[in-house]
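Take the sequences, apply the hints, and build the full model.
For the first sequence, this note's numbering begins at 389 and goes up steadily by one.
Among the clues, some could well be false.
Said to hold, decoys possible - No more than 20 Å apart at the CA atoms, straight line, and that leaves these computed lysine-lysine pairs for PhoX-like:
| hint | residue 1 | residue 2 |
| --- | --- | --- |
| 1 | Lys-505 | Lys-443 |
| 2 | Lys-848 | Lys-874 |
| 3 | Lys-848 | Lys-534 |
What the hints assert, rightly or not - Quick list of the computed label-pair ranges, beta carbon to beta carbon:
| hint | residue 1 | residue 2 | range |
| --- | --- | --- | --- |
| 4 | Leu-584 | Thr-673 | 22 to 28 Å |
| 5 | Ala-801 | Pro-714 | 16 to 22 Å |
| 6 | Arg-487 | Ala-877 | 29 to 35 Å |
Source of the hints: derived by calculation from the structure; they are not laboratory data.
Keep in mind that this is a model prediction, so the values were computed, not measured.
From the three backbone atoms N, C-alpha and C, an ideal C-beta is built for every residue, glycine too.
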Amino acid sequence: MDQTTHESGAYDFSAAEARWQAEWEARNSFATADAPQGGRRKCYVLEMFPYPSGKIHMGHVRNYAIGDVIARARRAQGYDVLHPMGWDAFGLPAENAARERNVDPAKWTRDNIAAMKADLKRVGLSVDWSREFATCDPEYYGHQQKLFLDLWRAGLAYRRESAVNWDPVDMTVLANEQVIDGRGWKSGAPVEKRKLRQWFFRITDFADDLLAGLDTLENWPERVRTMQRNWIGRSEGAEFSIRLTEPCAGIESVPVYSTRPDTLFGMSFVALAPDHPLAAAIAATNPEAAAFIAACQSAGTSEAAIEAAEKRGFDTGLRVVHPFDPARTHPVWIANFVLMDYGTGAIFGCPAHDQRDLDFARKYGLDVTVVVAPKDDPGMAVGDVAFTGDGAIVNSGFLDGLAVTAAKSRAIAELEARGAGKGVVNWRLRDWGVSRQRAWGCPIPMIHCEVCGTVPVPEKHLPVRLPEDLPFDRPGNALDHHPSWKHVACPQCGAAAQRETDTFDTFVDSSWYFARFCAPHAPVPADPAATSHWMPVDHYIGGIEHAILHLLYARFFTRAMHRLGQVGVAEPFAGLFTQGMLTHESYRTEDGKWLYPEEVIRHADHATTLDGRKVIVGPIEKMSKSKRNTVDPSAVIARFGADTARWFVLSDNPPERDVEWTEAGAQGAFRYVQRLYRLARSVAADRADDVALERAEGAARTLRQATHRTIAAVTEAIDGFAFNVAIARLYELANAIAESEGRTAPGLAAARREAMSALIRLAAPIIPHVAEEANALVAPEAGLVVNQPWPVADPDLLKRDSVTLAVQIMGKLRGTIELPPGADAETAIAQALAEPRIAQLLAGATIVKRIHVPDRIVNFVVRP
RNA sequence: GCGGAUGUGGCGGAACGGUAGACGUAGCAGACUUAAAAUCUGUUGUCCGACAGGACGUGGGGGUUCAAGUCCCCCCAUCCGCACCA
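Structure (C-alpha cells):
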C-alpha cells in the first residue's frame, strides 16, 4: 500500500499535496531563465500581485488559480513560461496598524508576507519564487527613485498646488475612502479642502497615445477598453472667452470650454467652479459668496461626492455679454457641479440641451431656450428632460437651419474670426498626482534647499531609505515628524536643506513591477534585453476593480520607460483577464452581531448558531471582514486540500463573474478529486489488452471518441478562460471512464488507459497534486505530469458517426431525425417528411418554405 | 450624478441566430450497509394529462427573423469604477 492511500482506499490529499509540492521545488520545476530558451515561444503569465494583508482570502485563491491553470497549460503546450510572484507592500494598512498597535510597519509587513507566502505555497502554484520581491525592499524602491529622477529630467514629473482632504481635528490628510459623508472617519469632523504643493506625472502628455493604444489591445475585455476610453475622455469643442459687463477685481472675461458651441445661442447663464479664480475674487468682497464656496469645500474631493450632491448655486450678481449678440447679457453663478479640473473650470449653461444645466436652471428659475429642434418635433417644448440628440438649429441667428455637427464648425469658425476663442481638443484625463503625506511608502528623492530650490538626490545616494524608527505617536506624516531623517545638506551648495517628506502613491509601485520581474536582480530598474524578451505580459489577471486606474497608470509608466529606452515595449499587457469577486451569505444574530460561517449551522430553510440560537441569513455579498462573511482558505485547504479549493473556485461559474463560496460546492469538488484517484486505481488494475488502440471497437471506440472530444473541448475552453466549461467536460470524461468499467470490447483496456492519461493531463493545470498522484498509479514510466506534453486530439476520432437534426414546423420542435454528418438538404428534408409524426402534422397544409441547416435543423413553413 | 457590466430550473451555470437547461449542486426514489457516511442506479423547469402528448418558459415590455437566451429599442433590479483603499 502506498503512503498516500488510506486503509479505506481514499486519497490522502494532505500527504500527497505536501509531497508533490516538495518534489516540484526540489526539481526546480517552475524556474525560468531571463533569456530566451532555444526557440521555445515565451508566455508571460502574471496575476496582479497581492497586498500583504497577512492572510490569503478566497479571492486570492481564485485569482492565482486562474493564472496557474494558464501557466501550467502553456508550459505543457511547449511554451517557456514566466510566472512570478511578489508583494505590493506599501500602503495605508501598515500605517494604520502601526498607529493602532504600536508595531513597526516594516516588521508588520514582513510578518504578513511570510504568513501569506506560506499560505500561497500550500495552494501549489507553479510560481518561480526565485523572482520574488516586495515593493518595500530598498532595492526595489531605490530603482523606483531612479526612475522618478529619469522622468523628472525628461520633463514628465513636476510640482504644483493641488487640493487634498484635510481633517482639521486629526491634523492629517485623508484618503477619499476615509471621508464618509464629508466627515473624517475617525474624528467625525467636517473635512476641508486644503492646497498643498505636490508632485505630478505628466500622464496627459500620453493621452493621445494611451487612447490610440486601446485599439491594439484585442485581448482585453471590450468593457475595460470602453471604460478607459471614457476615462481618458477625448472631446472636441471650443474654448473661448466670455466678457464680463464690468471687470471684477481686474478680471475682464471668463474663459469657458464647451463641446456644444452649436448651442451657444441657447446660453442662459455662466457657471464657475467654487475654486475658480473669479469665484475667489468675488468671495474676497462678498461674505455670502465666501460662505457658499466654503460650504462646497466641505464635500470632499471625490468626483462622485461632488456630482451626486444636490445641485446648488450662488448668483454672483455679475453679468456677461453674449459672444455673438452684444445686446444679450446673462448672469454669472458659482455652481457646485462645475469642476475646476475639467476644461477651464467655467461653463456656459444651455439648459435646453444639457441635463445638468436644465436641473440647475429649473431649480433657480433661469431661462430655457430651445436652439436644437428635433426633426420629428420641430416645435418641441422642454420640460424636465433636456434634448441632446441631433436636429436643426433654431433661434440662433447665423446658425439657423444647420445640423448639429455643421453648426459646431460654424460656431468655432465665428469665434476664431472674432478673436474670442478657438476649436480645441480637450481631455477628461488629468495629470497623475503622486505625492502622499504618508510614511509607509517610497520616499520621493528630492531635497528642498532655500538657496538652490528643489534639487534631486544624487544617484549615488540612492536608495533614499526610510528610517527604521518612524514615530507614529501623533497624527500626520511620521516621516515629516522624524527628528533627523529630513535634515540633510543640499547636494549642490552644501547648505542645510530638507528632504521631501512626501512618499509616492502606491500605484507608482505597481506601475512597473511587471518589468522588474523579467530580471529581478538587474542593476538597473528594468533590464532592456530581458524585458524585450518577456514583455508584454501575455496574460494579466486581476480584479475588475482595477479596470481603470492601475491599468492606465501602468500603461503610462511603461510608455514613459519606453521613451527613455528602458523597456522594449510601450504597451505592458497584451492580454487582460478580469475576474469577479468572491461572495458569501452573511449571518447575524438577532441582536445584530455578524457571525463567521463556521459559527453557523445551515439547515434546509433556516440557520442557527452552534448552540442553537436563531441566525438571520443576510444577502449574498462580497466577502469582507466587516461582515465576517469570509471563508478562510487555510481552513478549507486543511479540510479538503488545495486541489479541492482550486477546483471549486474555478468550477462553479465563469471566472469573470462573482462566485459564491458554498459548502455543497466544496463537497462536490472534493468528491471529484477523490473520484479521479479512484478511477486511476481502477484503470491501473485493468488487465493488459493486446488489441492496439487503433483497432478499438464498440465501447472502446466510443470511449476513444469521448476522450478526443474532451481533449478538443477542454483545450478550447482553457484557451478562452472558460474554466467552468472545461470542468464540465472533465466531469463527462470521468463519467465515460467510469461507465466503461466492467465492460468488454476489443481494445478497451488500452482505450481506458488513453482516456485516463488524457484526463490526468487535462485536469492537471487545475488539480495538479492529485494528477501527479493518479499518474504515478497509471503511468509512472511517463514521468511527472508537470513535464508531460499537453494531449492532442486525433481529428479522425472527432468525427461523428451520425448527427441528430431537429425537425421544426413553423419554428416549433416536432421531432428529430438521425442522419450521417454532412447530409444534403434533399436527403434531410425527405427523411423529415418520412417521419410519421411530421407527415401527420403536415397533412392538409401547404408547405411554403423548407429550411435546412446542415447537421442542425429542418424547418417547414406552412400555410393551413 | 456620470461611465461600465450583469440578469436563464431550488441553486451555480451551458447553449457558432438553429432541439433552452450540458455539467455540477440540491431534492426525490431505490441498491449496498446492523446503521450512518461514502459509493452506485433511476428521476427532477412549470402547468395540464396516464410515462402518449400538449401549453408555457431565459428580469419586464415592444420589434426584426422561417427561427431570438442570443440581434434592435424602451424599462426595472443588482454589481463595479469615479482620480489619496489596494
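Outcome of the hint check:
1. With a C-alpha separation of about 9 Å, the suggested pairing of Lys-505 with Lys-443 holds against the 20 Å cut-off.
2. The hinted pair formed by Lys-848 and Lys-874 meets the criterion: a straight-line CA distance of about 18 Å does not exceed 20 Å.
3. Restraint check for Lys-848 and Lys-534: satisfied, since their Cα atoms lie roughly 10 Å apart, inside the 20 Å limit.
4. For the hinted restraint 22 to 28 Å between Leu-584 and Thr-673, the CB-CB distance of approximately 27 Å keeps it satisfied.
5. Here the CB-CB span from Ala-801 to Pro-714 is close to 19 Å, well matched to the stated 16 to 22 Å.
6. About 32 Å separates the C-beta atoms of Arg-487 and Ala-877, a value consistent with the hinted range of 29 to 35 Å.
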